[in-house]
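Novice: Listed below are the residues making up each chain.
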Amino acid sequence: MTTDSPVIEATGLGLSYGTTRALDGVDLTVPAGTVLGVLGPNGAGKTTAVRVLSTLLRPDTGTARVAGHDIRTDPQAVRRAIGLTGQYASVDEDLTGTQNLTMIGRLLGLPRAAARARAADLLAGFSLTDAADRSAGTYSGGMRRRLDLAASLVGRPQVLFLDEPTTGLDPRSRTEVWDVVRRLVDEGTSVLLTTQYLEEADELADDIVVFDAGRVVAHGTSDELKHRAGAQTLAVRPRERSDLPVVLQVLEQVTGAAPAVDGQGTASVPVRGEAVLGTVLDLLTTRGVGLSELGVRLPSLDEVFFALTGSPTAVPEKEAVA
Amino acid sequence: MTTAVLTPPPAVPTTPTLPAVQQALTLAWRNVVKIRKQPEALMDVSLQPIIFTVLFVFVFGGAIAGDWRDYLTYLVPGILVQTLMFATQGIGVALNNDIAKGVFDRFRSLPIARSAPLVGAVLSDVVRYVTSMTVLLAFAVALGFRTTQGLPAAALAVLVALAFAMCLSWVFVWIGLTVRSAGAVQGVGFLATFPLTFGSTALVQADTLPGWLQAFTRNNPVTHLIDTVRGLLLGGPVAEPLAWTAGWAALLLAVFVPLAMRAYRRRV
Ligand SMILES: Nc1ncnc2c1ncn2[C@@H]1O[C@H](COP(=O)(O)OP(=O)(O)O)[C@@H](O)[C@H]1O
Ligand SMILES: [Mg+2]
Chain A
1 MTTDSPVIEA TGLGLSYGTT RALDGVDLTV PAGTVLGVLG PNGAGKTTAV RVLSTLLRPD
61 TGTARVAGHD IRTDPQAVRR AIGLTGQYAS VDEDLTGTQN LTMIGRLLGL PRAAARARAA
121 DLLAGFSLTD AADRSAGTYS GGMRRRLDLA ASLVGRPQVL FLDEPTTGLD PRSRTEVWDV
181 VRRLVDEGTS VLLTTQYLEE ADELADDIVV FDAGRVVAHG TSDELKHRAG AQTLAVRPRE
241 RSDLPVVLQV LEQVTGAAPA VDGQGTASVP VRGEAVLGTV LDLLTTRGVG LSELGVRLPS
301 LDEVFFALTG SPTAVPEKEA VA
Chain B
1 MTTAVLTPPP AVPTTPTLPA VQQALTLAWR NVVKIRKQPE ALMDVSLQPI IFTVLFVFVF
61 GGAIAGDWRD YLTYLVPGIL VQTLMFATQG IGVALNNDIA KGVFDRFRSL PIARSAPLVG
121 AVLSDVVRYV TSMTVLLAFA VALGFRTTQG LPAAALAVLV ALAFAMCLSW VFVWIGLTVR
181 SAGAVQGVGF LATFPLTFGS TALVQADTLP GWLQAFTRNN PVTHLIDTVR GLLLGGPVAE
241 PLAWTAGWAA LLLAVFVPLA MRAYRRRV
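Here the protein sequences line up with chains A and B, keeping their order.
By the numbering used here, the letter at position 287 of the first sequence is numbered 287, and the numbering carries on one by one without gaps.
By the numbering used here, the letter at position 145 of the second sequence is numbered 145, and the numbering carries on one by one without gaps.
Note that these hints are calculated values from the structure, not bench results.
A quick note: this is a predicted structure, and the numbers were derived from the prediction, not measured.
Glycine is no exception: its CB is placed at the ideal position from the N, C-alpha and C atoms.
There may be inaccurate statements among the hints.
[What the hints assert, rightly or not] Pulled from the structure, derived: some chain A residues nowhere near chain B, Cβ distances all over 12 Å:
| id | residue |
| --- | --- |
| 1 | Pro6 |
| 2 | Thr19 |
| 3 | Ser127 |
| 4 | Pro171 |
| 5 | Thr175 |
| 6 | Ala260 |
| 7 | Val261 |
| 8 | Gln264 |
| 9 | Leu283 |
| 10 | Ser292 |
| 11 | Glu293 |
[Claimed, not checked] Label-pair ranges, simulated between beta-carbon atoms:
| id | chain 1 | residue 1 | chain 2 | residue 2 | range |
| --- | --- | --- | --- | --- | --- |
| 12 | A | Asp130 | B | Arg36 | 14 to 24 Å |
| 13 | A | Pro31 | B | Pro39 | 45 to 55 Å |
| 14 | B | Ala100 | A | Asn42 | 19 to 29 Å |
| 15 | B | Val21 | A | Glu9 | 32 to 42 Å |
| 16 | A | Arg134 | B | Pro39 | 15 to 25 Å |
| 17 | A | Leu277 | B | Ala100 | 52 to 62 Å |
| 18 | B | Gly144 | A | Asp130 | 46 to 56 Å |
| 19 | A | Ser16 | B | Ala206 | 51 to 61 Å |
[Claimed, not checked] If you want the footprint, here are the derived chain A segments under chain B, 3+ residues with CB under 8 Å:
| id | region |
| --- | --- |
| 20 | 49-61 |
| 21 | 96-105 |
So here's chain A without its partners, still in its complex pose:
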């Protein structure tokens, strides 16, 4: 394995539960040391993908290599390289924080003292030292999540799977989990995380794949995705309001669409790509129109997401009209 080969490389993963096609030919790649965000609505197949890649489920079709090992033929080697934090915290509620982590250290072959030291280390790193000797059943949602995360790190995994790590957390706990993920990535861990929150993918992920109904419907950085979804808006505001008719005329001439004007005298028109920007600028300069604003606004990741997954609920009214 060379250092620059991807830590996760999946091709054509397919899996059905009865007649439900949970994964329908999924390809994805995670370069070493990066974070891949798997974004998708409920039921898109995110959890199934995580379970397949972490060897809990065997795919019906396709295969994947994780940390250089085939998930089908050498799952045990994959397990040695990964950490998994599932969608639902799998900490043992009857055990204390220390006991939960010590147990995993022992299972991984650490001698008793080393397992205890590792547990104490991780509990400190996740601000759980005060609660170390309390049953995990008494923990808050955020603490439980952090303990679950700590549990997946006992073995120092090279690749970490996080399935909706912040769903159901309050904003402060969410930021804490984000900080932990960033710290791990700084230390060289590669991460695949699933999320329903665009903000989370935007914050943490180097690359994003958008899942819908078991398929990858889009793939790229968050900027690339925003570009690809189109529906960018070209906005132009002349310095003198009297130049507005000229601006409107030029915009219509270049884009073929009728511009809208807002209260501040900004003319805006939907465009695809930024290429028109130069043309518009040239034409307006030739006509001697001074500008106080000229730019192409990308759609928010939210708009992209809902455009791609076709979820009707979140298309805002004003966008639909424009």
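Following the hints, complete the assembly by docking chain B with the ligands onto the known chain A.
Specialist: For chain B with the ligands alone, kept in the frame of chain A given last:
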């Protein structure tokens, strides 16, 4: 965080079986911690021997044997085994719950022996079996029961029963992993256990039964175990029922360990 603590020690895993044993013991420890935290989990195995003894000795005793003390003597080996049979079912319910809660997902994502969580569960159930037998013997002794064969033989009786229970528990491991809900596990468990425990020599001698039932009773593994325990506690033939018991135990292991492992691999 220091790396020295984080790197697994390279010297420890020498033979491949040793880690598997260590892992199973670790998971057994987990279950024992849970029992210690919730002692009411042992309520069934503590009360059942007392309830069974009281019911059978005082309700049926007079009618069956004339004197309840004689019947108590006959009955103790039977109730010991019978309550043990019911105690083995708990493992199916516990495993089913663990899976439903997602705790096993973590174990399955770790590089540990596939068998470790199941073997760990079977090992930790020793606590339940020992509780059940201790309560029964203590209660019986309080009522006047005495072994005639000495303490070493009595200890052997307990060990044989314990070993058999651990082999039998694989049946319930399998059922617990195969049946969907914990409630259904209990239902299936009782269906399987009732004919075996009551169609045995636990309560009455085989000769008193109609012919067709005698055939079942005489070939019932539970009868062999009860006869072994009875021989070791009260005198009588031991070698033959013990051989049968060992044979049945081996058969149970040979059939249900692979079945349970296969169900575990499939069940998510
Ligand atoms: N154990 C299961 N049995 C049957 N269907 C399932 C099971 N798990 C998931 N599914 C179905 O598979 C699809 C993908 O589910 P999942 O991977 O959990 O999606 P996500 O994590 O993106 O919400 C959904 O339609 C879901 O209902
Ligand atoms: Mg999910």
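Novice: List in ascending order the numbers of the hints, as given earlier, that are violated by the structure.
Specialist: none
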